[in-house]
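Visitor: Read off the chains here:
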Amino acid sequence: MSKRIVVDPITRIEGHLRIDVEVDGGKVTKSWSSGQMFRGIELILEGRDPREAWLFAQRICGVCTTVHAITSVRAVENAIGLEIPMNAQYIRNLILCAHALHDHIVHFYHLSALDWVDVTSALKADPAKASALAESLSPWPHNSTRELAAVKAKLEGLIASGQLGIFTNGYWGHPAMHLPPEVNLLAVSHYLQALDYQRKANKVVAILGSKTPNIQNLAVGGVANAINLDNDATLNMEKLYFIKDTLEEVKTFVDQVYLPDVIAIGSMYPEWLGYGAGVTNYMAVPDLPLDAKGTEFDLPGGVIMGGDLSSFRPIERFDDPLFQAKVEESVAHAWYEGDWQKHPWDEEMPKPQYTDFQDDGKYSWVKAPRFEGKAMQVGPLAQILMGYASGHELITKKVNESVALASSIAKVQIPLAALHSTLGRHLARAIRCAVLAELSLKHWGLLVGNIAKGDLTIWNKPEFPKGEVKGFGFHEAPRGTLSHWVVIRDGRIANYQAVVPSTWNAGPRDAEGQLGPYEASLVGNPIADTERPLEVVRTIHSFDPCLACAIHAFDPEGNETATVKVLGG
Amino acid sequence: MRTLVLGMGCILMRDDGVGPSALAAFASLYELPDEVELLDIGTPGPELAHQIGGYDALIVFDALRVQSPPGTVRCLTRDEILAAPLLNPRLSPHDPGLREALLASEFFGEAPRNVLLIGIVPKEIELGTELSPEVAAALPRAAEAAASELLRLGVLPVPKQEPALAEVWWR
Numbered sequence: 073m074s075k076r077i078v079v080d081p082i083t084r085i086e087g088h089l090r091i092d093v094e095v096d097g098g099k100v101t102k103s104w105s106s107g108q109m110f111r112g113i114e115l116i117l118e119g120r121d122p123r124e125a126w127l128f129a130q131r132i133c134g135v136c137t138t139v140h141a142i143t144s145v146r147a148v149e150n151a152i153g154l155e156i157p158m159n160a161q162y163i164r165n166l167i168l169c170a171h172a173l174h175d176h177i178v179h180f181y182h183l184s185a186l187d188w189v190d191v192t193s194a195l196k197a198d199p200a201k202a203s204a205l206a207e208s209l210s211p212w213p214h215n216s217t218r219e220l221a222a223v224k225a226k227l228e229g230l231i232a233s234g235q236l237g238i239f240t241n242g243y244w245g246h247p248a249m250h251l252p253p254e255v256n257l258l259a260v261s262h263y264l265q266a267l268d269y270q271r272k273a274n275k276v277v278a279i280l281g282s283k284t285p286n287i288q289n290l291a292v293g294g295v296a297n298a299i300n301l302d303n304d305a306t307l308n309m310e311k312l313y314f315i316k317d318t319l320e321e322v323k324t325f326v327d328q329v330y331l332p333d334v335i336a337i338g339s340m341y342p343e344w345l346g347y348g349a350g351v352t353n354y355m356a357v358p359d360l361p362l363d364a365k366g367t368e369f370d371l372p373g374g375v376i377m378g379g380d381l382s383s384f385r386p387i388e389r390f391d392d393p394l395f396q397a398k399v400e401e402s403v404a405h406a407w408y409e410g411d412w413q414k415h416p417w418d419e420e421m422p423k424p425q426y427t428d429f430q431d432d433g434k435y436s437w438v439k440a441p442r443f444e445g446k447a448m449q450v451g452p453l454a455q456i457l458m459g460y461a462s463g464h465e466l467i468t469k470k471v472n473e474s475v476a477l478a479s480s481i482a483k484v485q486i487p488l489a490a491l492h493s494t495l496g497r498h499l500a501r502a503i504r505c506a507v508l509a510e511l512s513l514k515h516w517g518l519l520v521g522n523i524a525k526g527d528l529t530i531w532n533k534p535e536f537p538k539g540e541v542k543g544f545g546f547h548e549a550p551r552g553t554l555s556h557w558v559v560i561r562d563g564r565i566a567n568y569q570a571v572v573p574s575t576w577n578a579g580p581r582d583a584e585g586q587l588g589p590y591e592a593s594l595v596g597n598p599i600a601d602t603e604r605p606l607e608v609v610r611t612i613h614s615f616d617p618c619l620a621c622a623i624h625a626f627d628p629e630g631n632e633t634a635t636v637k638v639l640g641g
Numbered sequence: 640m641r642t643l644v645l646g647m648g649c650i651l652m653r654d655d656g657v658g659p660s661a662l663a664a665f666a667s668l669y670e671l672p673d674e675v676e677l678l679d680i681g682t683p684g685p686e687l688a689h690q691i692g693g694y695d696a697l698i699v700f701d702a703l704r705v706q707s708p709p710g711t712v713r714c715l716t717r718d719e720i721l722a723a724p725l726l727n728p729r730l731s732p733h734d735p736g737l738r739e740a741l742l743a744s745e746f747f748g749e750a751p752r753n754v755l756l757i758g759i760v761p762k763e764i765e766l767g768t769e770l771s772p773e774v775a776a777a778l779p780r781a782a783e784a785a786a787s788e789l790l791r792l793g794v795l796p797v798p799k800q801e802p803a804l805a806e807v808w809w810r
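Top to bottom, those sequences are chains A and B. So for the first sequence, my numbering puts the first residue at 73; every next one is plus one. So for the second sequence, my numbering puts the first residue at 640; every next one is plus one.
No lab work stands behind these hints: they were computed from the structure. Check each hint, because a few of them may be wrong.
No more than 16 Å apart at the CA atoms, straight line, and that leaves these computed lysine to aspartate or glutamate pairs for EDC-like [said to hold, decoys possible]:
1) A:Lys275 x A:Glu321
2) A:Lys75 x A:Asp96
3) A:Lys423 x B:Glu765
4) A:Lys226 x B:Glu749
5) A:Lys283 x B:Glu676
6) A:Lys226 x B:Glu765
7) B:Lys762 x B:Glu773
8) A:Lys542 x A:Asp380
9) A:Lys446 x A:Asp380
10) A:Lys398 x A:Glu419
11) A:Lys99 x A:Asp601
12) A:Lys542 x A:Asp121
With the hints as constraints, model all of the structure from the sequences given.
Guide: Spelled out as structure tokens, the structure:
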């Protein structure tokens with residue numbers, strides 16, 4: 073007898089996403105993903121000056137401000153064929169790296185680690201044993217018995233106060249939680265330490281961007297960071313060396329804590345390398361450009377179909393014709409009139425058509441993006457697979473080292489194909505974070521080297537022609553491929569669309585009934601306890617969802633709604 | 640008294656953006672000492688918990704969903720914020736978790752001791768950058784509430800000689 077579980081909302085802190093699953097025989101047999109995504113940016117921007125579009129676009133989401141800002145200026149530059157100075161390229165690249173380091177660390181420790189780590193079990197840990205275990209995995213200096221005992225005491229204090237505080241919502245003692253107490257204690261300790269390191273990474277964004285969230289230093293044509301090595305008010309040697317030191321500290325944390333933690337925790341849940349693959353068509357866009365035009369990059373982009381790495385086709389340039397031609401969005405199962413599938417340049421503001429939740433009809437505010445008509449999974453796993461398939465040296469090395477370490481801890485040979493899974497997404501994100509930490513220092517060196525050559529240029533003036541031009545800009549954001557699409561007529565915005573990563577992953581079915589990545593990834597997941605569907609949360613969180621970011625109001629009454637409803641059966 | 644004043648909300652969703660508008664109004668009406676920092680934080684996720692850490696006091700301008708006429712200004716203390724049902728899920732996405740951010744910040748051991756939410760009841764939450772007239776009219780009252788809170792904390796906000804509500808860039 074099948075049961076239906078409605079989980080609503082699923083993100084622990086961010087916005088609203090509803091997941092419905094049907095469970096039969098202890099496994100998910102059907103699933104639906106429904107959500108709200110900011111829509112209507114075209115109405116806000118229509119008629120405005122394209123040079124200020126990025127200021128508005130970065131307000132689409134309060135978590136992803138930086139990535140929308142950069143994608144927007146790239147889209148406008150693409151429309152008018154404008155190259156930007158290398159200093160501007162490197163400064164943007166440093167901001168992108170620092171933002172992603174911050175975002176990936178926060179996602180793992182503060183938004184999803186507690187799906188795997190039982191905080192209450194950490195109370196049973198022996199700090200000395202936990203310290204010895206940690207030292208066998210990593211040279212990190214802050215895993216001492218004394219430091220771990222202090223974290224345990226802090227947890228004991230929280231429990232003794234009679235309140236679990238921020239941990240009130242956890243599925244503690246769930247049968248699917250099975251890390252040893254010592255590993256749980258280590259993870260809680262790193263949860264606390266991660267606070268400082270994500271903040272350091274964000275500090276780099278704030279220095280270069282003047283402010284975070286909502287950076288202020290961009291311009292169509294470059295950046296607004298004046299460079300004068302001897303002037304306190306500009307980007308100078310002191311600030312540059314502070315950035316370098318900070319990035320090195322963050323890199324040490326990623327190499328010695330984040331990546332080993334994901335490998336160790338993952339190795340203790342080997343069954344989760346077998347669940348959650350879902351859609352195995354992947355897409356990533358290249359990023360960290362190395363030239364003014366955007367034809368050479370440090371991060372690889374492309375598409376892979378059906379999980380077959382030999383099907384890799386590259387996306388290679390900011391004006392890539394494959395990407396430009398093949399992206400469409402479908403509203404067949406979204407609450408808009410019609411069942412069209414259109415290219416972003418041709419989309420108009422869709423007319424809402426709300427119908428209640430219809431399993432076989434319309435059930436989400438999110439559109440369903442498609443590439444060559446196929447649902448695609450985006451995110452760090454996609455980018456890591458592009459790197460592996462294309463022989464990217466740094467990515468290949470990190471993947472091989474990580475899989476080897478995981479295999480030795482799990483005492484079983486883990487195949488590369490295990491990356492197509494719930495835990496594979498976490499591992500890929502940690503690997504990407506380590507790759508970015510290394511590349512951020514490379515791009516710091518490129519920036520300083522370029523300045524040392526005497527190049528202080530930061531901006532090229534944009535010129536807008538009479539008549540119509542169209543452009544698109546992309547960025548491989550922390551949650552995956554983000555693209556903005558702009559139509560400019562006589563120097564004013566005529567249309568604007570943002571196709572965001574969580575739309576690719578959280579989107580509903582299309583006219584052909586193809587499931588979106590969230591939906592497909594849930595099918596086959598085990599469910600031990602229908603009242604507490606921890607497994608659903610694990611798989612969805614592995615994508616790093618970010619939805620319904622567009623409004624905020626405090627509600628002191630807290631409308632009563634159950635988190636989890638079990639229907640039927 | 641290191642104090643952080645936040646403007647929260649989305650400026651693209653009309654009255655939802657009243658927080659950043661109130662923050663801008665506050666900055667245009669008062670001279671503030673260096674120990675007071677202002678931040679238009681938009682619609683944050685977990686970053687909220689990380690941003691508020693380390694301050695002695697926190698003041699938040701935000702839209703407030705209560706059954707009162709649009710433009711009503713109502714202040715909630717730390718205890719009132721924490722008394723609201725914890726992590727209680729809802730169909731509405733209107734909660735990025737001020738409660739959760741305060742609790743996380745407490746566990747991190749760096750929570751502000753003084754917290755005041757200055758809530759303004761919205762009228763229209765829909766696409767657009769203009770505030771409804773009732774909500775726009777509430778901005779000076781919201782700014783005054785923040786000034787009173789600073790005085791209570793022993794910080795002196797000085798009303799500007801020729802006060803004028805600043806134009807914000809998004810309108």
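Visitor: Checking one constraint from the list: CA of Lys226 (chain A) to CA of Glu749 (chain B), max 16 Å. Satisfied?
Guide: holds (13 Å)
Visitor: With a cut-off of 16 Å on the C-alpha distance, tell me whether Lys423 (chain A) and Glu765 (chain B) pass.
Guide: Holds, at roughly 14 Å.
Visitor: Between Lys283 (chain A) and Glu676 (chain B), is the straight-line Cα distance small enough, at 16 Å or below?
Guide: The given pair, whose Cα atoms are some 12 Å apart, holds under the 16 Å limit.
Visitor: Are the Cα positions of Lys762 (chain B) and Glu773 (chain B) separated by 16 Å at most?
Guide: Between Lys762 (chain B) and Glu773 (chain B) the Cα gap is close to 8 Å, so the pair holds against 16 Å.
Visitor: Between Lys226 (chain A) and Glu765 (chain B), does the CA-CA distance stay at or below 16 Å?
Guide: violated (44 Å)
Visitor: If you draw a straight line from the CA of Lys542 (chain A) to the CA of Asp380 (chain A), is it 16 Å or shorter?
Guide: At roughly 34 Å apart (the allowed maximum being 16 Å), Asp380 (chain A) and Lys542 (chain A) break the hint.
Visitor: Are the Cα atoms of Lys398 (chain A) and Glu419 (chain A) separated by 16 Å or less?
Guide: holds (14 Å)
Visitor: Are the Cα positions of Lys99 (chain A) and Asp601 (chain A) separated by 16 Å at most?
Guide: It holds: about 11 Å lies between the C-alpha atoms, which stays within 16 Å.
Visitor: Given the hint that Lys542 (chain A) pairs with Asp121 (chain A), does the C-alpha gap stay at or below 16 Å?
Guide: It holds: about 14 Å lies between the C-alpha atoms, which stays within 16 Å.
Visitor: Lys275 (chain A) and Glu321 (chain A) were given as a pair; does the straight-line alpha-carbon distance stay at or below 16 Å?
Guide: Holds, because 12 Å separates the two Cα atoms, which is no more than 16 Å.
Visitor: Can the restraint linking Lys446 (chain A) and Asp380 (chain A) be considered satisfied, given a maximum Cα separation of 16 Å?
Guide: holds (15 Å)
Visitor: So if I understand the rule, the pair passes when the alpha-carbon distance is 16 Å or less; does Lys75 (chain A) with Asp96 (chain A) pass?
Guide: holds (7 Å)
Checked against the numbered hints given earlier, this structure breaks hints 6 and 8; the rest are met.
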